[in-house]
Amino acid sequence: KQEVTQIPAALSVPEGENLVLNCSFTDSAIYNLQWFRQDPGKGLTSLLLIQSSQREQTSGRLNASLDKSSGRSTLYIAASQPGDSATYLCAVRSTGNQFYFGTGTSLTVIP
Amino acid sequence: GAGVSQSPSNKVTEKGKDVELRCDPISGHTALYWYRQSLGQGLEFLIYFQGNSAPDKSGLPSDRFSAERTGGSVSTLTIQRTQQEDSAVYLCASSLATGSPYEQYFGPGTRLTVT
Chain A
1 KQEVTQIPAA LSVPEGENLV LNCSFTDSAI YNLQWFRQDP GKGLTSLLLI QSSQREQTSG
61 RLNASLDKSS GRSTLYIAAS QPGDSATYLC AVRSTGNQFY FGTGTSLTVI P
Chain B
1001 GAGVSQSPSN KVTEKGKDVE LRCDPISGHT ALYWYRQSLG QGLEFLIYFQ GNSAPDKSGL
1061 PSDRFSAERT GGSVSTLTIQ RTQQEDSAVY LCASSLATGS PYEQYFGPGT RLTVT
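As given, the protein sequences belong to chains A and B, one line each in that order.
Following my numbering, the numbering of the first sequence begins with 1 at its first residue and continues without gaps.
Following my numbering, the numbering of the second sequence begins with 1001 at its first residue and continues without gaps.
Hints in this document: simulated from the structure, not taken from any laboratory.
A couple of the hints might just be wrong.
[Claimed, not checked] Straight-line Cα separation of at most 20 Å, EDC-like style, residue types lysine to aspartate or glutamate; simulated pairs:
#1 68/A <-> 1103/B
#2 68/A <-> 56/A
#3 1057/B <-> 1020/B
#4 42/A <-> 1044/B
#5 1/A <-> 1044/B
#6 1011/B <-> 1024/B
[Said to hold, decoys possible] Residues from chain A that face chain B, not an exhaustive set, calculated with beta carbons under 8 Å:
#7 43
#8 97
#9 98
#10 101
#11 102
#12 103
#13 104
Being a predicted model, the structure only gives us computed values, none of them experimental.
Glycine is no exception: its CB is placed at the ideal position from the N, C-alpha and C atoms.
The shape of chain B in the complex, shown without the other chains (with noise of 0.2 Å):
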C-alpha cells in the first residue's frame, strides 16, 4: 500500500515568512510524528500525535512552531516568521499505534531552506 506522504518535498523561502509543511500518513495510522534534521545532527523529535490529540508539545523548538491534526489523518506543520536555523530536512513517521510493539514509517521528508 502506499506510505507515508510528504509536500512540498522541497522549499526555499525568505526569513521571516510563514511555512507550511504537509504529513499524510499510512491509512490506518492512528500515531504520527514529526522530527527535524539538521546537517551533521540526529534527528529531533518535535511533537506527535495519536488521533488528532498531541499529547506532548515540548520538542517544538519555540512557538513559532505549530502542527495540527485533522480527522485522523492529514497533519501540517507550520513555522511563522522562518528563521535561518529552521533550515532543515523535516520527516514525518506514522505507526499503527503508539504502543510498544508499533513500527514508525518515515516519508521522504520535505527540505526546508531560509535565505
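In isolation and in its complexed conformation, chain A is listed as follows (with noise of 0.2 Å):
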C-alpha cells in the first residue's frame, strides 16, 4: 500500500521567506501528484498538479517539482506571506484511482 509522508509536520517562518515542504512516497509508481492546501475548518484547495511524466508546475510564487525515481515531491514557496498560513498536503494517485494523502505541513507565516 502506498505510504506518504510530509516532512516537516510544523513549519514557522518570517514573511518573505522563501520555503520548501517535502513529500516522500514509497511506490514510485503513481499517475500524478497533487498539492492541496486546507484552510481551518475548510475543504481543500487544490493547488498544483503534478503528471508522473512532468518535473515540475508553476503557478505564482509555488513551484512544485517530483521526482518519481525517488519517490520525492516538494513544494516551493517564494516569498511567503502571511495568507500563506494553512496546512499544505500532497496527494498521490496510484492504481485503483485511489488518492493516498500525508498528513500535511502546518505551515506560519509571521507578519
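Join the two chains into one complex using the hints; note that each chain is given alone, in its own frame.
Written out as C-alpha cells, the structure is:
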C-alpha cells in the first residue's frame, strides 16, 4: 500500500522567506501528484497537479517538483506571506484510482 | 460555477444512531470521492464512484458504512449504528473523470461528532 509522508509536520517562518515543503511516497508507480492547501474548518483547495511524466509545475509564487524514481516531491513557496498560512497536503494517485494523502505540513508565516 | 457542496456542515449524533451525509459534486463531474479526516490524521480514502458505480469499496472501514450515488450526481454516505470513533470530518471531492489528468475538487466537509 502506498504511504505518503510529509516533512516537516509544522513550520514557522517570517514573512518574505522562501520555503520548501517535502513529500515522499513509497511506491513510485504513480499517475500524478497533487498539492493542496487546507484552511482551518475548510475543505481542500488544489494548488498544483503534476503528471507522472512531468518534472515540475509552477503557479505564481508556487513551484512543485516531482522525482518519481526517488519518490519525492517538493513544494517551493517564494516570498512567503501571512496569507500563505495553512496546512499543505500532498496526495498521490496510485493504481486503482485511489488517492493517498500525507498528514500535511502546518505552515505559519509571521508578519 | 458552483463548487462541490456538502450537507450538513455539522452533525452531532448520539452513539448508535444512523446518519446520512450528502455530497453534491460539480455539475458534469463523473467521478466522486469520499474521504474521512480524523483529528491529527491524514485523509483516509473511503470510496469512489465513476458514474453511479463504485468499483472499489475496500476503503470503507466497516459494514456499517455504505454509499450510493444516483443519476450520476448526488451521493450519500450512510453510517449505521454510529460509534464514537466515527467522529471525523467527512470530505467529498469530484473530478471531471477518473483519468490521470483530472484534478479533484473538494467540498467544505461535514464535521460529524458522535457523543
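Pair hint residue 68/A and residue 1103/B, alpha-carbon separation not exceeding 20 Å: The hint holds at about 19 Å.
Straight-line alpha-carbon gap residue 1057/B to residue 1020/B, limit 20 Å: holds (17 Å)
Closest C-beta approach of residue 103/A to chain B relative to 8 Å, hint status: holds (4 Å)
Hint check, residue 97/A versus chain B [nearest Cβ-Cβ separation less than 8 Å]: This interface hint holds because 5 Å falls under the 8 Å limit.
Given pair status - residue 56/A, residue 68/A, alpha carbons within 20 Å: holds (11 Å)
Proposed proximity, residue 1024/B with residue 1011/B (alpha carbon, max 20 Å): holds (17 Å)
Cut-off 8 Å, beta-carbon criterion: hint that residue 43/A touches chain B: With Cβ-Cβ at 4 Å, under 8 Å, it holds.
Holds or violated: residue 1/A to residue 1044/B, with C-alpha atoms at most 20 Å apart: With a Cα-Cα distance of about 13 Å, the restraint between residue 1/A and residue 1044/B holds, given a limit of 20 Å.
Hint status (Cβ of residue 101/A to nearest Cβ of chain B, threshold 8 Å): holds (4 Å)
Hint validity - residue 98/A Cβ closer than 8 Å to any chain B Cβ: Since chain B brings a Cβ to about 5 Å from residue 98/A, closer than 8 Å, the hint holds.
Interface restraint verdict for residue 102/A against chain B (beta-carbon cut-off 8 Å): Since chain B brings a Cβ to about 6 Å from residue 102/A, closer than 8 Å, the hint holds.
Residue 104/A as an interface hint toward chain B, with CB separation required under 8 Å: holds (7 Å)
No hint from the list above goes unmet by this structure.
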